[in-house]
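Chain V: place on chain W using the hints.
2 protein chains.
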Amino acid sequence: MPSPKPRTSNLEPHLYPVIMAGGSGTRFWPLSRHLFPKQLLRIIGDETLIQQTMRRVVHEAPAERVMISTNPAQAESIRIQLGEWKDALKDNFVLEPEGRNTAPAIALVALELIRRDPEAVMLVVPADHIVKGQQDFNAAVELASRLAMEGYLVTFGIKPIRPETGYGYIRPNKKMTILKEGKLKGHPVSRFVEKPNAAKAAQYVKAKDFYWNSGMFVWRAATVLEEIGRHQPKLSQGIERIRELMRAGASRSAIDEEYRTLTPVSIDTGVMEKSSKAAVVPVCFQWSDVGSWGSLDEVAPKDKAGNVVGGRVVDLGSQRSIVYGDRRVVATIGLMDMVVVDTPDATLVCPKSRAQDVKRIVEILKQQGAPEHLEHLTVHRPWGSYTVLEEGDGYKVKRVTVKPGGRLSLQMHHRRSEHWVVITGTARVTRGDEVFDLQVGQSTAIPVETRHRLENPGRDMLHIIEVQNGPYLGEDDIVRFQDDYGRGAEAPRSLKVPKC
Amino acid sequence: MPSPKPRTSNLEPHLYPVIMAGGSGTRFWPLSRHLFPKQLLRIIGDETLIQQTMRRVVHEAPAERVMISTNPAQAESIRIQLGEWKDALKDNFVLEPEGRNTAPAIALVALELIRRDPEAVMLVVPADHIVKGQQDFNAAVELASRLAMEGYLVTFGIKPIRPETGYGYIRPNKKMTILKEGKLKGHPVSRFVEKPNAAKAAQYVKAKDFYWNSGMFVWRAATVLEEIGRHQPKLSQGIERIRELMRAGASRSAIDEEYRTLTPVSIDTGVMEKSSKAAVVPVCFQWSDVGSWGSLDEVAPKDKAGNVVGGRVVDLGSQRSIVYGDRRVVATIGLMDMVVVDTPDATLVCPKSRAQDVKRIVEILKQQGAPEHLEHLTVHRPWGSYTVLEEGDGYKVKRVTVKPGGRLSLQMHHRRSEHWVVITGTARVTRGDEVFDLQVGQSTAIPVETRHRLENPGRDMLHIIEVQNGPYLGEDDIVRFQDDYGRGAEAPRSLKVPKC
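Protein chains in written order, with our numbering: chain W, 21 to 520; chain V, 21 to 520.
Pulled out of the complex, with its shape left as it was, chain W reads as follows:
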């Protein structure tokens, strides 16, 4: 995605972008999964949504000041995708041990920021929205920051282009302008309306004095904590206990335990709608929360017939449809306003108008214990990735890709043996006390309970086929002796996530 260089002057020195990256990934299923939510997808352009978001906010502050709010299950994937800013972001991940909606998540980041800089101003942005128009975004952030310094909770108002019932609407008090810069103005909020019915929504669009709540906010960390204290006193008490624990240098697990006791509440309904300090800056950059497959139309390039098409698609006369394929052939004939999404292990077909119901499909799969709601057949790791080619009774076949210089942990399995055949590159294998290299077409067997490690000592990618045999083939049958990426058995992780 071509993008101008981040500005280096005029930056508000206390501004800290906060990327909210805890999405659950149900509405873009089957491309998104519980462990691979929308923010990690390359939906339009060459970069994923979180990469685009990061590139957007480093125009507002240096990467060292960008905070990532997420959960342990997604942190690793995010670190991989934001590898370009690896060093800058090293200590900037704030992990929710369990989802408690946005207010507690924001409070947790605010506590950390106040510890670093009592004057901190937060620019809160979801990781999975699309914004077009960097300069307009910059200008809006600048004005909002000034409003924030004056004690306002600022949101960006988006001009509504359809009677969407899934969003919140904001009415500014246009009689009062708090601040003005060129065409941009900041107003107090006179009214919030969350998810209106269709008739109301149509009325708001027509009235032209309502704006969509973009879910992006600017405020002082201190202000938002005060306002949480005022409108969510119970939550605030929990936050204060966490602040005490932090001050006392308590362990991560003690803080996590306290966090889990918090009641979930969203910052919009729990704080913004109640606060007298709410302000809105109507903005003119292009914005989409790409909330479902049906909304891709707003942002993705279309062919002459209005179709958004990707992958190996063979189509005869479809119109206004979204067809996403991958390596498999997807043949479509005469579709009208349909969505077809084909992934290696799951396919979705529905009219655009029903795309919101995909979350019900994900719910059903979750109830069935079907792995297709949880993750993809291809799983990314710091050292590369693996793809499950087939899984059956007592065996699993994977293609494992290791980046140049990458290596898996030194590990052992109690219940499975493995065979490795090199298909591209050179593999350095540790097996028991031996260390040896394998070239293309060579293979080795790793018996059960044997320490082993796979490493790519070359300059090209290494690809191997791994055949696992054993009565139990779960990713959690792993004893890790050494790991280059700090993924030890003792590492504090709040969610059990398979690793290898």
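The reader is advised that the hints may include incorrect statements.
Copies of the same chain are indistinguishable here, so a pair counts whether it falls within one copy or spans any two.
Said to hold, decoys possible - With a cut-off of at most 30 Å between alpha-carbon atoms, the simulated DSSO-like pairs for lysine-lysine come out as follows:
| hint | residue 1 | residue 2 |
| --- | --- | --- |
| 1 | Lys203 | Lys254 |
| 2 | Lys324 | Lys386 |
| 3 | Lys386 | Lys322 |
| 4 | Lys152 | Lys194 |
| 5 | Lys205 | Lys254 |
Keep in mind the hints are simulated off the structure, nothing from the lab. All values reported here derive from a predicted model rather than from experimental measurement.
Positioned in the frame of chain W, the structure of chain V alone reads:
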């Protein structure tokens, strides 16, 4: 499929069922492929269409008298599917070296039958139609056989249930009844109409004196050859040359060469419509040629909402739709009159009304040289089957299944090495001069240019994962030294078909 035992009395001693099994398999893509046409599919019930057809006609004559008309590319798959009648059918395959439509194919079988029995009566049935009502079918065949003995070319007329424009229509001359048995009557044909327009078709359905041409025929082999001679003299001359070659004991390749010179012509338009000997027996058994995905409705069981569903389908509120999946999840929401067919390497989505256009998709894939028009990732062999799990630059991964007692040919590859890992069962491996057994979790490597063989000496199925490495991985890089299934390098095959 529950089916009464074949009758053993009342059989016409000169009746020879002829199963026409040379379909090209485009209209049921992606479930059917060029090398795996509709007749080989399990579309409804537990048996494939050709298995159901075979089970139907062994009510009319012993299996030893059933002839199979097909082509070399499909013969092996058919032999595998008709394995229950393997010995009876051993010498009953009549292979067209190249498709020349139905008249030449039928003539070729007629020549062979006259050689065996000058009084032969042929019951010609397509391998891929569905018939329900065995007793009604028996009665119709019996009456038609008697008509055939009197020199008629008999077809079965099906009562039309919709104004189908893809079929031929027959008008019997109901004023004349040639033969009668209970409610069944045989009439001369007064008129044939091939593929009428929609208005005509609607008129014929309303008129109630037109019948669909079922494409099933009964006639004396001698009669049909005479009538071909009368109405297709040029074709007939070619047939006579083939008869001479057969009499002179010419080689298979000489006969094939002559056959290739024949002009393609269908038995319906080339002979039946022109002959004064055409007769029709209006029948009352249920019939469908399941000509496209859209026609499955007529024969397949439906749920309450009118959907025909198979595989791992998760649906929300679809109606009158056809959703065929396999091992992958197929999620459908609110589909109306749609077809969704999901296979391991290709997916089809279209409205039922456009299902006929699937053949255009197949044509496009063929032009692209895409393998998805030709065969499935799973390919059946006499010894078992293999499934391609992944194919990439310089490597291919297969799961190979060998039946108990089955073994692949003793073979060698010039350009690829192979690794085998046993995942179920016991493998007996020949590698160079060694012969050894491998158990689950054991593996071996087969270097290039090394004679090898894989065999299942056990009582359970053998499954191995094979990883191939090499610059060329085509199935035709094979030197075969010995084969249990008569598949030598020198075997006369008119079509190049990959084997292993």
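Structure-based check of all given hints:
no.: 1; hint: Lys203 to Lys254; verdict: neither (40 Å within a copy, 86 Å between copies)
no.: 2; hint: Lys324 to Lys386; verdict: between (38 Å within a copy, 25 Å between copies)
no.: 3; hint: Lys386 to Lys322; verdict: between (33 Å within a copy, 27 Å between copies)
no.: 4; hint: Lys152 to Lys194; verdict: within (25 Å within a copy, 75 Å between copies)
no.: 5; hint: Lys205 to Lys254; verdict: neither (35 Å within a copy, 89 Å between copies)
This entry does not satisfy hints 1 and 5, going by the numbered hints stated previously.
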